[in-house]
Amino acid sequence: MSTAAERAAQLDLVTRLKSSFPELPNAPTPDMLDHERITAYLKPVHDVGGEPDAPMKYENKQYELWEHMTYVICEVLGWRGIWLSEERRRMGNVDVGRAEYLGLPYYGRWLLAVARILVEKHHIGLTELSERMAEVQERYAGGLEGKTLEAQPKSEGDGSQVKRNNHAEEADGKGDPQCYAGQAATAKFKVGDPVVVRELPVIFYTRTPEYVRGATGEIEAVAYESPAAEDETWDRPARPEWFYIVKFNMSELWYGYTGTANDIISTEIPEHWLQAAK
Amino acid sequence: MTEHDHDHDHDHDRTVAPMVDEITDFEVLEIALRELCIEKGIFSAEEHRLMTEFAEQIGPTPAAHLVAKAWLDPKFKELALAEPMTASKEVGVDWLHPTGWGTPSDFTAFQILADTPTVHNVIVCALCSCYPRPILGNSPEWYRTPNYRRRLVRWPRQVLAEFGLYLSDEITVHVQDSNQKHRFMVMPMRPEGTDDWTEDQLVEILTRDCLIGVALPKAGVTTNMITDTRPAIHPGNAG
Numbered sequence: 001m002s003t004a005a006e007r008a009a010q011l012d013l014v015t016r017l018k019s020s021f022p023e024l025p026n027a028p029t030p031d032m033l034d035h036e037r038i039t040a041y042l043k044p045v046h047d048v049g050g051e052p053d054a055p056m057k058y059e060n061k062q063y064e065l066w067e068h069m070t071y072v073i074c075e076v077l078g079w080r081g082i083w084l085s086e087e088r089r090r091m092g093n094v095d096v097g098r099a100e101y102l103g104l105p106y107y108g109r110w111l112l113a114v115a116r117i118l119v120e121k122h123h124i125g126l127t128e129l130s131e132r133m134a135e136v137q138e139r140y141a142g143g144l145e146g147k148t149l150e151a152q153p154k155s156e157g158d159g160s161q162v163k164r165n166n167h168a169e170e171a172d173g174k175g176d177p178q179c180y181a182g183q184a185a186t187a188k189f190k191v192g193d194p195v196v197v198r199e200l201p202v203i204f205y206t207r208t209p210e211y212v213r214g215a216t217g218e219i220e221a222v223a224y225e226s227p228a229a230e231d232e233t234w235d236r237p238a239r240p241e242w243f244y245i246v247k248f249n250m251s252e253l254w255y256g257y258t259g260t261a262n263d264i265i266s267t268e269i270p271e272h273w274l275q276a277a278k
Numbered sequence: 001m002t003e004h005d006h007d008h009d010h011d012h013d014r015t016v017a018p019m020v021d022e023i024t025d026f027e028v029l030e031i032a033l034r035e036l037c038i039e040k041g042i043f044s045a046e047e048h049r050l051m052t053e054f055a056e057q058i059g060p061t062p063a064a065h066l067v068a069k070a071w072l073d074p075k076f077k078e079l080a081l082a083e084p085m086t087a088s089k090e091v092g093v094d095w096l097h098p099t100g101w102g103t104p105s106d107f108t109a110f111q112i113l114a115d116t117p118t119v120h121n122v123i124v125c126a127l128c129s130c131y132p133r134p135i136l137g138n139s140p141e142w143y144r145t146p147n148y149r150r151r152l153v154r155w156p157r158q159v160l161a162e163f164g165l166y167l168s169d170e171i172t173v174h175v176q177d178s179n180q181k182h183r184f185m186v187m188p189m190r191p192e193g194t195d196d197w198t199e200d201q202l203v204e205i206l207t208r209d210c211l212i213g214v215a216l217p218k219a220g221v222t223t224n225m226i227t228d229t230r231p232a233i234h235p236g237n238a239g
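Protein sequences appear in the order of chains A and B.
Following this note's numbering, the numbering of the first sequence begins with 1 at its first residue and continues without gaps.
Following this note's numbering, the numbering of the second sequence begins with 1 at its first residue and continues without gaps.
Treat the hints as calculated values from the structure; they're not laboratory data.
Backbone N, C-alpha and C define an ideal beta-carbon position, used for all residues, glycine too.
There may be inaccurate statements among the hints.
To be verified - Derived list of chain A stretches under chain B, where covered just means 3 residues or more per stretch with a C-beta under 8 Å from a C-beta of chain B:
#, region
1, 52-64
2, 75-81
3, 196-204
4, 215-229
What the hints assert, rightly or not - Sample of chain A residues facing chain B (criterion: CB under 8 Å; computed from the structure):
#, residue
5, Ala115
6, Val136
7, Gln178
8, Tyr211
9, Ile265
10, Thr267
11, Glu268
All chains should be modelled from the sequences, with the hints used to inform the complete structure.
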């Protein structure tokens, strides 16, 4: 039970959490926002490549048990047809929003994605999840005190009626993306072709990084066929297309690049994001 | 302990609240979700156990063996570069394990980037943390930081210098941003002073950092550049 003062203190804390431009008020009127700022707000938050940052101390980290268990639960949900990895990547890395993306531990976001998919696909009710969380809290009231962290399911469900995707059957013995081989139209580009990355409007999700949009590169490899991430992430039917590894000269890609004239960066891009360079 | 130290401890007992080993918010959520999934048959306890066992045994050792074998055997190097998933089987890694279609998060499109005297490769996933988990284990914490992901794609030479890797201008840096379904690892060049070494000796100097591309293998260097490790509150068996 919290006191009124504790509740007020928590609200004060949340108020100090900033994830917006400081020069703008909250919920600005349309005339206050230009295209650049709207694009910035709508940018999928996982796309951090090229954002300026200062050097920091790089460290390793020992795994928390819950982090390991979170990784495992995510993989089991993929294995058992509850989600595609592309759904997980969107829910944990983008849908969480800027404040949680930058504020929470890496596996904290994975775990929230698990809760999100199970609730959104109607496998678990949010009320029963909250109740179960309260129950687990109660089980460990007063701390661990020698108890181990363990799940204590009350039963084992029959799972035959659980709604699942067909990915395991489709990919069995082949893998992903091999399961999409032969389904795309003829590849439009070949190795060595110069291409420009289109500047398609982006809302909600993409895996084509902002830092290459509008830039000219060269096809380094014709990679594989797969549905575009923007479609696969909603697990909707979409015709696979060719993906390409595209290389960019970094001195041309980055304004004021500080390396040599030959340095290159390669990244993978689906065909619908590319057009032939003139 | 001296009498003086003993008194000092007692002073603290009066002012500091007793330590309670609290269960954390994420631990509560993870346990609640796992229990409900098993109760509803979304997955079985047995399936969860199998995946846990798989996840606990992955690590960088097979990747180091793969590169050492390639250094020793030009035919195997050819295979490793042309059919990396076939070559992986030689070091005990089947990319279709443990589900029959791979680990869902890692996909089954693997490529090895071979360094040359004029090109140095380094990997990053600027969008999340794509990494060749089945053969290289879990990625290190720093690899997943927004900091490494923001900067490596734009200031690679500066970031590599922070790992103690200074590259001359004659060497081209090739950054591979693995952002979709491909997974990459680096095959560095065999260093001097290792001429008569066995595979096991070579494996010793093929650290995880060398296979990411933030370090180069050197005779005598058997540890990663980054060794500082933050301890977990309630550690598990992975990592």
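Hint-by-hint comparison with the structure:
1. 52-64: Since 12 is at least three, the answer is holds.
2. 75-81: With 6 residues closer than 8 Å to chain B, the region 75-81 of chain A meets the three-residue bar; holds.
3. 196-204: Result for this restraint: violated, n = 0.
4. 215-229: holds (count 4)
5. Ala115: 6 Å, holds
6. Val136: At about 5 Å, which falls below the 8 Å cut-off, the nearest Cβ of chain B leaves the hint on Val136/A intact, so it holds.
7. Gln178: Interface hint status for Gln178/A: holds (6 Å vs cutoff 8 Å).
8. Tyr211: 7 Å, holds
9. Ile265: Hint holds; Ile265/A Cβ to chain B Cβ min 4 Å, cut 8 Å.
10. Thr267: 4 Å, holds
11. Glu268: This hint holds: Glu268/A lies near chain B, its Cβ roughly 4 Å from the closest one there, short of 8 Å.
In this structure, the one hint that does not hold is number 3.
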